[in-house]
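Q: Each chain, letter by letter, is given below.
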Amino acid sequence: MISHDLLIVGGGLAGLAAAMSADPKLKVGVISKVHPLRSHSVAAQGGINAALGNSPEGQDDSWEKHAFDTIKGSDYLADQDAAELMCRRAVPAIYELDQWGVPFSRFPGGAIAQRPFGGAGFSRTCYAADRTGQVILHTLFEQSVRRNITFYNEWLVTNLAVRDGKCLGLVVYDLASGKILPLAAKAVIFATGGYGRVYERSTNAYINFGSGIGLAFRAGAPLKDMEFVQFHPTSLCGKNILITEGARGEGGYLVNNKGRRFMEDYAPTAMELAPRDIVARAIQTEIDQGRGFENQYVHLDLRHLGRGKIEKRLPGIQEICLHFAGLDPADTPIPVQPAQHYSMGGIDVDKTCAAPIEGFYAAGECACVSVHGANRLGGNSLMEALVFGEIAGESASSYVRGSDFAGRPEREIAEEARKLQAKLQSLRERASGRNIFQLLNRLKLVMSEKVGVFRNEKDLREALAAISELREDYRQVYIFGICVRYCQELVTLIEFDYMLDVAEAIVLGALKRQETRGSHFRTDYPKRDDAGWLKHTLLTWTEKGPTVAYEEVHIDKYKPQERKY
Amino acid sequence: MSLTFKILRFDPLEEKPPHFEVFQHEPKPRDSVLEALKDIRDQQDPSLSFRYSCREAVCGACGMVINGQITLACKTQVESLQSDLVVVEPLPNLEIQKDLFVDMEPFWEAYRRVQPYLQPAGARPDNGYRVEEKDMEKVFQYVTCIMCGCCYSSCPVVARDERYLGPAALAKLYRFIKDPRDKRPFSAWREVDSPSGLWGCDTVFRCNEVCPKAVRPADGIEGLRRALIVERTKRLLRPKK
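Order-wise, the sequence lines are chains X and A.
Residue 355 in the numbering used here sits at position 355 of the first sequence, with consecutive numbering throughout.
Residue 1116 in the numbering used here sits at position 116 of the second sequence, with consecutive numbering throughout.
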């Protein structure tokens, strides 16, 4: 059996950052269901936040101010000590990226350039044109080649093996061989990313099923604040490809069908650079009230920036518009609509990235520390993945070094693998049944229609009912394709089981939370309610369905105020 | 309108040789070839295997041959093909693992051989390096590369010499050579100063033609040749100790 001191699941930013910070003396492996460079981090565009104070008008910036903006942006649901930890470590983290070779754009004089982003008091977002995620992911991968890190690519993790609250290892489906393999590990870090494709309209890569979150849940790790789903204000209408907040940071306008910059009615000071929850709601309201175009979108107008600035600062956006919408943003406004983009919630971990299962850690979008609370600021996700990926690598390493691992768990992990094999075999032996791709499409439509930007009790109850119906139908699922190797039907079938848990957690958290906070807007409870709801939602998996509990938010310096922008 | 998709199928573990299978499929308006392939898989044959991830031409997973053109499936609009017949084949110059999945390992092996990471000298400056934007911009062309392998698959030199590093790896190296922060030693050139390295290029520029990100890898290869000659000359002129 393949055995490691530390197995990291996910080859995106958080996973590679964990691999880089792990003790090099340990036997470390990174498992990814795609080649690491195909991870969704590659699609991040606009930038990464750190209070470098490089911008001429932003020299007074500090990590404390970054922390305050993050906490206010979170609608005060972020744990303030966690937000401070990230913002303090953000500054040296950027210089480390610079040393590793990230080709950041520069200010005159040669310092790393910074652009304005939503909800931030200063120009704080470091960038490389509009390909920031791509260059950072590629750079971390380059460094992992230098370190000779072991990768297991195109392996899908299917189970987390746990005994008596202690992590033992993993079970994987190896796409190339078609085999189900047991793996032993003293510690495991999940850096498995978000669940965007639980939704029909999402900016996320096709592979973002979020099964990592679901299978940690099933193994006993609680999920935190799952109802907080970020809808990005500006996705390209139709394909829902991300159009970076950097487009507004560089000066782009949002315009309705009356030709009006409508953000004036929602955030008169910050305008287009209000936080994402506010801008997404504003756009959806304009569309719902008939001031959009074709009842589907509003315009993101970049024409006044001029062709030169667009080509220099937003070349990727121009390319996306040309190829996927057949328009040039230098000549034509971009049709945009909100789409699911990011998960603030995730696997419940503490500031060391430890989950309540011994030896099990999580970092990046799949985890919830919580830094982003009820709404994440643009430019904070790359930084969170980087900083907490590093912390997870450090924490897991010191756990492995300092713990006793008597008693070989191989038999139990192998048993888990056999169980999955038996399940798949029994599916193959069926004569007929449900098609997994149809079930997946049904789930996505339910989530986009009932659990979107605006929510209410009726829709949420209907969504819960639809999910339990899907669960029944999943029991009748059948494997139609005659294939064992590189079988994406099998991948979908395995992941879908966990997607149902993730979807249910989102809906249940949203139904219970009878208030409006950050990205979670209840039309039937349209006010924030600090007395009743300034607390984290914690869901724990049981055979009979998730149980719900609540946990205090860590608040020290900043008392909750009304958010005005 | 229903179109005919001819897709190459092959499983090296089975006896059947590579063969085309034909599917009738009506793409939705503005569908990419990737979206069409997914629908064909979901609705007609779930055993069809192909790589994909981002669907926005930035992850580099879905390189394949579409109506004879090496390109990304997600970036190719079905309508733009202006054809009732869509022929889909796996990337050439790489072995088929199954259907449209090819073994990218030789491509990654070449990537590793060029030492594809920044090699700065000395300690890290406290507040980051000072690099002028105009110098940084010189590497932007090359960092746009998404490592999809389209250039590698199109390269006639790779086709006849499996040791040849290929366009993407060499362009990656040039990205570091042009980076003012990189101070790699002269010995780092040894691996690429050979006919299977930067002297192998036939300058037929197939890589420039097929690159879905307009990287123009051949510019990088030419740049490497110039840079190596400059480095050599500098060493010749340097006074002996």
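Wrong hints could be hidden among the right ones.
Short, incomplete list of chain A residues facing chain X, as computed with Cβ under 10 Å [unchecked claim]:
id	residue
1	1004
2	1006
3	1108
Mimicking DMTMM-like on lysine to aspartate or glutamate, the simulated pairs with C-alpha atoms at most 25 Å apart in a straight line are [what the hints assert, rightly or not]:
id	chain 1	residue 1	chain 2	residue 2
4	A	1038	X	200
5	X	239	A	1026
6	X	239	A	1039
7	A	1134	X	96
8	A	1016	A	1103
9	A	1038	X	57
10	X	564	X	81
11	X	239	A	1137
12	X	179	A	1014
13	A	1038	X	497
14	A	1138	X	404
15	A	1134	X	57
16	A	1038	X	174
17	X	239	A	1103
18	A	1028	X	200
19	X	239	X	174
20	X	179	A	1137
21	X	312	X	301
22	A	1028	A	1011
23	A	1134	X	250
24	X	312	A	1042
25	X	258	X	311
26	X	179	A	1026
27	A	1183	A	1209
28	A	1028	X	319
29	X	27	A	1045
30	X	179	A	1011
31	X	27	X	459
32	A	1138	X	81
33	X	444	A	1031
Facing chain X, from chain A, some residues (calculated, C-beta under 8 Å) [to be verified]:
id	residue
34	1049
35	1052
36	1057
37	1058
38	1112
39	1120
40	1130
In case anyone wonders, no lab produced these hints; they're calculated from the structure.
Predicted model, so just to flag it, every value in this text is computed and none were measured.
Note that beta-carbon positions come from the ideal geometry of N, C-alpha and C, so glycine has one too.
Q: All the hints need checking, so say for each whether the structure fits it.
A: Do the hints match the structure? See the list:
Interface hint status for residue 1004 of chain A: violated, as the beta-carbon distance to the closest one in chain X is roughly 21 Å, over 10 Å. A distance limit of 10 Å between C-beta atoms decides the matter here; for residue 1006 of chain A the minimum to chain X is near 19 Å, and the interface restraint is violated. Interface restraint check: residue 1108 of chain A against chain X, minimum CB-CB distance 8 Å, threshold 10 Å, status holds. Taken as a hint, the residue 1038 of chain A and residue 200 of chain X pair is honoured in the structure, with Cα atoms around 15 Å apart against an allowance of 25 Å.
With a C-alpha separation of about 18 Å, the suggested pair residue 239 of chain X and residue 1026 of chain A falls inside the 25 Å cut-off, and the hint holds. Of the supplied pair hints, the one linking residue 239 of chain X and residue 1039 of chain A holds, its CA atoms being roughly 15 Å apart against a limit of 25 Å. In summary, the hint linking residue 1134 of chain A to residue 96 of chain X is supported, as the alpha carbons are separated by about 22 Å, within the 25 Å threshold. Using a Cα cut-off of 25 Å, the hinted pair residue 1016 of chain A and residue 1103 of chain A holds, with the two alpha carbons roughly 19 Å apart.
A hinted pair counts as satisfied when its Cα atoms are at most 25 Å apart, and residue 1038 of chain A with residue 57 of chain X does not qualify at roughly 49 Å. Annotation: proposed proximity of residue 564 of chain X to residue 81 of chain X holds, straight-line Cα distance about 23 Å (limit 25 Å). Restraint check for residue 239 of chain X and residue 1137 of chain A: the C-alpha separation of about 30 Å exceeds 25 Å, so the hint is violated. About 17 Å separates the Cα atoms of residue 179 of chain X and residue 1014 of chain A, which keeps this hinted pair within 25 Å; it holds.
Restraint check for residue 1038 of chain A and residue 497 of chain X: the C-alpha separation of about 20 Å stays at or below 25 Å, so the hint holds. Only pairs whose Cα atoms come within 25 Å are accepted, and residue 1138 of chain A paired with residue 404 of chain X is rejected, the gap being roughly 52 Å. The straight-line distance between the Cα atoms of residue 1134 of chain A and residue 57 of chain X is roughly 22 Å, inside the 25 Å bound, and the hint therefore holds. Of the pairs offered as hints, the one joining residue 1038 of chain A and residue 174 of chain X holds, with about 21 Å between alpha carbons and a cut-off of 25 Å not exceeded.
At most 25 Å may separate the alpha-carbon atoms for a hinted pair to count; residue 239 of chain X and residue 1103 of chain A exceed this at roughly 30 Å. A hinted pair counts as satisfied when its Cα atoms are at most 25 Å apart, and residue 1028 of chain A with residue 200 of chain X qualifies at roughly 16 Å. Annotation: proposed proximity of residue 239 of chain X to residue 174 of chain X is violated, straight-line Cα distance about 31 Å (limit 25 Å). In summary, the hint linking residue 179 of chain X to residue 1137 of chain A is not supported, as the alpha carbons are separated by about 46 Å, beyond the 25 Å threshold.
For a cut-off of 25 Å, the pair hint linking residue 312 of chain X to residue 301 of chain X stands: about 17 Å separates their Cα positions. As the CA atoms of residue 1028 of chain A and residue 1011 of chain A are separated by approximately 30 Å, the hinted pair breaks the 25 Å bound. Taking the CA atoms of residue 1134 of chain A and residue 250 of chain X, the gap is about 20 Å. The hint holds against a cut of 25 Å. Of the supplied pair hints, the one linking residue 312 of chain X and residue 1042 of chain A is violated, its CA atoms being roughly 40 Å apart against a limit of 25 Å.
At most 25 Å may separate the alpha-carbon atoms for a hinted pair to count; residue 258 of chain X and residue 311 of chain X exceed this at roughly 28 Å. A distance of roughly 35 Å separates the Cα atoms of residue 179 of chain X and residue 1026 of chain A; the hinted pair therefore is violated under the 25 Å criterion. Of the supplied pair hints, the one linking residue 1183 of chain A and residue 1209 of chain A is violated, its CA atoms being roughly 32 Å apart against a limit of 25 Å. A threshold of 25 Å between alpha carbons decides the hint, and for residue 1028 of chain A with residue 319 of chain X the separation of about 22 Å falls inside it, so the pair holds.
A distance of roughly 41 Å separates the Cα atoms of residue 27 of chain X and residue 1045 of chain A; the hinted pair therefore is violated under the 25 Å criterion. A threshold of 25 Å between alpha carbons decides the hint, and for residue 179 of chain X with residue 1011 of chain A the separation of about 16 Å falls inside it, so the pair holds. Between residue 27 of chain X and residue 459 of chain X the CA atoms are separated by roughly 48 Å; this puts the pair beyond 25 Å, and the hint is violated. Among the hinted pairs, residue 1138 of chain A with residue 81 of chain X is inconsistent with the structure: their alpha-carbon atoms are about 41 Å apart, more than 25 Å.
The suggested pairing of residue 444 of chain X with residue 1031 of chain A holds, with an alpha-carbon distance near 19 Å, which does not exceed 25 Å. The interface hint given for residue 1049 of chain A is met, as the beta carbon of that residue sits about 4 Å from the closest beta carbon of chain X, less than 8 Å. Satisfaction of the interface hint for residue 1052 of chain A is found here, the shortest Cβ-Cβ separation to chain X being roughly 6 Å, below the 8 Å cut-off. Evaluation of the residue 1057 of chain A hint against chain X yields a held restraint, the C-beta minimum of about 7 Å falling below 8 Å.
Hint status for residue 1058 of chain A relative to chain X: holds, with the closest Cβ pair at about 5 Å, below 8 Å. Using the Cβ-Cβ criterion of 8 Å, the hint placing residue 1112 of chain A at the interface with chain X is satisfied: the shortest such distance is roughly 6 Å. The criterion of a C-beta within 8 Å of any C-beta in chain X is met by residue 1120 of chain A, whose closest approach is roughly 6 Å, and the hint holds. The criterion of a C-beta within 8 Å of any C-beta in chain X is met by residue 1130 of chain A, whose closest approach is roughly 3 Å, and the hint holds.
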